[in-house]
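Chain order of the listed sequences is A and B. With numbering that gives the first Met the number 0, you'll find the first sequence wraps up at 374, consecutive numbering, no jumps. With numbering that gives the first Met the number 0, you'll find the second sequence wraps up at 307, consecutive numbering, no jumps.
Hints were generated in silico from the structure; no laboratory data involved. Quick caveat, the model's predicted, so the values are computed rather than measured. Hints may be right or wrong, so weigh each one.
As the list claims (entries may be wrong) - Facing chain A, a subset of chain B residues (Cβ under 7 Å, in silico): (1) Ser22; (2) Val25; (3) Val140; (4) Pro141; (5) Phe143; (6) Val144; (7) Pro147; (8) Tyr151; (9) Val155; (10) Thr245; (11) Val264; (12) Ala267; (13) Tyr282.
Stated by the list, open to error - These stretches of chain A come out as covered by chain B in the derived footprint (C-beta under 8 Å, 3 or more residues): (14) 222-232; (15) 302-315; (16) 335-341; (17) 344-352.
For glycine and all other residues, C-beta sits at the position ideal for the given N, C-alpha and C.
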Amino acid sequence: MAEKIIVEQKPDSTGKLSTGLAADVGNLREAQKGVSLWQDAWRRLKKNKMAMLGMVVVGLYAVISLSAPILPLHSYKYQVLEHQFLAPSLTKNAGELLVEQEIGRYRQQNEAFGVEGLTEQQEADLVDFRDRMATETKVIDSEEVLLHERRYLLGTDNLGRDMLSRIIYGGQVSIMIGLIGTLVSVFLGTAIGAISGYVGGRLDNFLMRVVDILYGLPYMLLVIIFMAILGRSIANLFFALAIVSWLTVARVVRGQIMSLKESEFVEAARSAGASPFRVIFRHLVPNTAGVIVVYTTLRIPSFIMLEAFLSFLGLGVQAPLASWGSLVGDGVDAMIPYPWLLFEPAIVMTIFLFSMNFLGDGLRDALDVQSKNKM
Amino acid sequence: MTKFIIRRLLGLIPTLIIIITISFFVIRVAPGGPFSDERKISAEVLANLEAKYHLDDPLIKQYGDYLLNVLRFDLGPSFVYKDYDVNYYIGAGLPKSMLIGALAVGGALIFGLGAGIISALRQNSVYDYASMSVAVIGISVPLFVIGPVLMYIFAVKLDWLPVAGWIDTLGWSALVLPVVTLAFPPFAYVARLSRASVLEILRSDYVRTARAKGLSMPMVVLKHVLKGSMLPVVSFLGPALAGTLTGSIVVEQIFRIPGLGRYFVNSAFNRDYTMIMGTVIVYSAILLLMNFIVDVIYGFLDPRISYK
Numbered sequence: 000m001a002e003k004i005i006v007e008q009k010p011d012s013t014g015k016l017s018t019g020l021a022a023d024v025g026n027l028r029e030a031q032k033g034v035s036l037w038q039d040a041w042r043r044l045k046k047n048k049m050a051m052l053g054m055v056v057v058g059l060y061a062v063i064s065l066s067a068p069i070l071p072l073h074s075y076k077y078q079v080l081e082h083q084f085l086a087p088s089l090t091k092n093a094g095e096l097l098v099e100q101e102i103g104r105y106r107q108q109n110e111a112f113g114v115e116g117l118t119e120q121q122e123a124d125l126v127d128f129r130d131r132m133a134t135e136t137k138v139i140d141s142e143e144v145l146l147h148e149r150r151y152l153l154g155t156d157n158l159g160r161d162m163l164s165r166i167i168y169g170g171q172v173s174i175m176i177g178l179i180g181t182l183v184s185v186f187l188g189t190a191i192g193a194i195s196g197y198v199g200g201r202l203d204n205f206l207m208r209v210v211d212i213l214y215g216l217p218y219m220l221l222v223i224i225f226m227a228i229l230g231r232s233i234a235n236l237f238f239a240l241a242i243v244s245w246l247t248v249a250r251v252v253r254g255q256i257m258s259l260k261e262s263e264f265v266e267a268a269r270s271a272g273a274s275p276f277r278v279i280f281r282h283l284v285p286n287t288a289g290v291i292v293v294y295t296t297l298r299i300p301s302f303i304m305l306e307a308f309l310s311f312l313g314l315g316v317q318a319p320l321a322s323w324g325s326l327v328g329d330g331v332d333a334m335i336p337y338p339w340l341l342f343e344p345a346i347v348m349t350i351f352l353f354s355m356n357f358l359g360d361g362l363r364d365a366l367d368v369q370s371k372n373k374m
Numbered sequence: 000m001t002k003f004i005i006r007r008l009l010g011l012i013p014t015l016i017i018i019i020t021i022s023f024f025v026i027r028v029a030p031g032g033p034f035s036d037e038r039k040i041s042a043e044v045l046a047n048l049e050a051k052y053h054l055d056d057p058l059i060k061q062y063g064d065y066l067l068n069v070l071r072f073d074l075g076p077s078f079v080y081k082d083y084d085v086n087y088y089i090g091a092g093l094p095k096s097m098l099i100g101a102l103a104v105g106g107a108l109i110f111g112l113g114a115g116i117i118s119a120l121r122q123n124s125v126y127d128y129a130s131m132s133v134a135v136i137g138i139s140v141p142l143f144v145i146g147p148v149l150m151y152i153f154a155v156k157l158d159w160l161p162v163a164g165w166i167d168t169l170g171w172s173a174l175v176l177p178v179v180t181l182a183f184p185p186f187a188y189v190a191r192l193s194r195a196s197v198l199e200i201l202r203s204d205y206v207r208t209a210r211a212k213g214l215s216m217p218m219v220v221l222k223h224v225l226k227g228s229m230l231p232v233v234s235f236l237g238p239a240l241a242g243t244l245t246g247s248i249v250v251e252q253i254f255r256i257p258g259l260g261r262y263f264v265n266s267a268f269n270r271d272y273t274m275i276m277g278t279v280i281v282y283s284a285i286l287l288l289m290n291f292i293v294d295v296i297y298g299f300l301d302p303r304i305s306y307k
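In isolation and in its complexed conformation, chain A is listed as follows (with noise of 0.2 Å):
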């Protein structure tokens, strides 16, 4: 630790050659200070740039879910029949792709009875389409707005959907759903396993058998049973999830306080008189916190990834509500003729989980004590 301390220590910024021993001093007194686990595992962490990558890139993300009721979105959820599938497009608005469309389809009619260009008839009907496109309003959450005037940066799905503020409000979800499901998990485990690995004996025993058990079930199977017999809400999507997915925290954590309630620390607590209870949670947890955060790095890209393996088989949050996995699975029906609906929701979440992952790695490597010294 001292050593790379010293090491990594900036020249004298004075200029002046200070000698040998003067700097010695002066590296010693900087070594005393110490650096704590959480600034060391920072200093790391800023050198991995895969994991400050993925950090900005989530940060991102929950910027932009956190945000999206003040950004200027259509609603997620309101749909515009006459705007189906309709290609992603920066530049037009739905009517101008409407029109285009239309003269697509008297196109594709009259070259099918080998007349070229548009009859006069055609030419008349795409006026009179071309003014109501321009000109047709309808109240949209109070507000009288100009129908046609709707821009879909990303298109639209199969019932005229925004496909952007669909797909940021699923993520809204999807997010959630990784973060409160691993919330749950980790405090469930960490409780469970600091208890069990402190009491030791028949508790410890009795825990680690069950947890045993339920790691032999086929768990994914069981969240789906669940899903489908309890009915398909959010709130029973976090029940089937959390009672699974709590059973690596605890071992982890057990194994942890079980190696650190032997040290000094915990017997001086113990000594100066604080109940079990505030031992356990005062001292030994804080002290297992870094295995618990890369733990729960690594536990939201998977979360996130169950839920959407349930929303895809449609057993997870249910329409109007989305999450990207009911995008992908919507995307997968209709992915022939309009690609879009299966890729632009399957980046946005893989991305997600790229990132989501590399930060978690580099989280490891910053916070694991065992590879401290490979680095």
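The hints should help you fit chain B onto chain A, whose structure is shown.
Frame of chain A; chain B shown alone:
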């Protein structure tokens, strides 16, 4: 050794019974039944239906009867499909699921080990980067994204392979996309694990000794490195099989394969009690058996593990 195997085999039975019990009661305790979604049926008809399927017996008796029937390998009649019983549908779906599952795991093992070992031997080469990039994709991108994207590229755009279906109408090419999709995640993990462990073993003392004695590098890899690098891979096989099993449900859904996964999802939707139970029992039995085999193989490979 034999004693260990027998004990582990017997140990599977209680786990299986626990699984049956949990899923039985979860399904029965929940409100609504297989007949509650249909058109309004009169009370007498409902009573007759329930009597026919013994749903009017006390729950404990139903549970006991069911357990006894399962022990005789009879999974009962389906509540929704009237023509055949659950055994028939599982018999029809299971071989298909097993085929794609086995091909995917086998392929992932062979190619994953190959990619991992070559990556480790040629560290930081183009080859290393290429296979590790594929591995990162396999770990981060969920199956239900990989599958449709592969389908879009190779079946819809390039038209090299059929979009969806099964061997009976499309021939063997129907297997390619589902198997490749399903093999992605285990391939990724196997490649990364074996690369890491080969790198570690190459630095070990016994490899240096073997080299110092004049053994050629290919010989060292074949005789010493390969076996050692198998250990983490084998211990990963348990979770890999579980992942492949749930993955196959999605893959069957994407590629419209009439396998066990389709029956499982459909029965979960229409509350076909006996069908859900039947598929869960079969899935669990496969999973437990595979984990058991993995344990035994692990014991053969690693002499440090004792079976006492």
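Verification of the supplied hints:
1. Ser22: holds (6 Å)
2. Val25: Constraint on B:Val25 satisfied, holds at 6 Å.
3. Val140: For B:Val140, the interface hint holds, since the closest Cβ of chain A sits about 5 Å away, which is under 7 Å.
4. Pro141: holds (5 Å)
5. Phe143: Holds, because the Cβ-Cβ distance from B:Phe143 to chain A comes to roughly 5 Å (cut-off 7 Å).
6. Val144: This hint holds: B:Val144 lies near chain A, its Cβ roughly 5 Å from the closest one there, short of 7 Å.
7. Pro147: holds (5 Å)
8. Tyr151: Because about 6 Å separates B:Tyr151 from the closest Cβ in chain A, which is inside the 7 Å limit, the hint holds.
9. Val155: With a minimum Cβ separation of about 6 Å from chain A (threshold 7 Å), the hint on B:Val155 holds.
10. Thr245: Because about 4 Å separates B:Thr245 from the closest Cβ in chain A, which is inside the 7 Å limit, the hint holds.
11. Val264: Status holds, d = 6 Å.
12. Ala267: holds (4 Å)
13. Tyr282: holds (6 Å)
14. 222-232: holds (count 7)
15. 302-315: Since three or more residues must qualify, the claim that chain B covers the segment 302-315 of chain A holds, with 7 doing so at under 8 Å.
16. 335-341: Holds: 3 residues of the segment 335-341 of chain A have a Cβ under 8 Å from chain B.
17. 344-352: holds (count 4)
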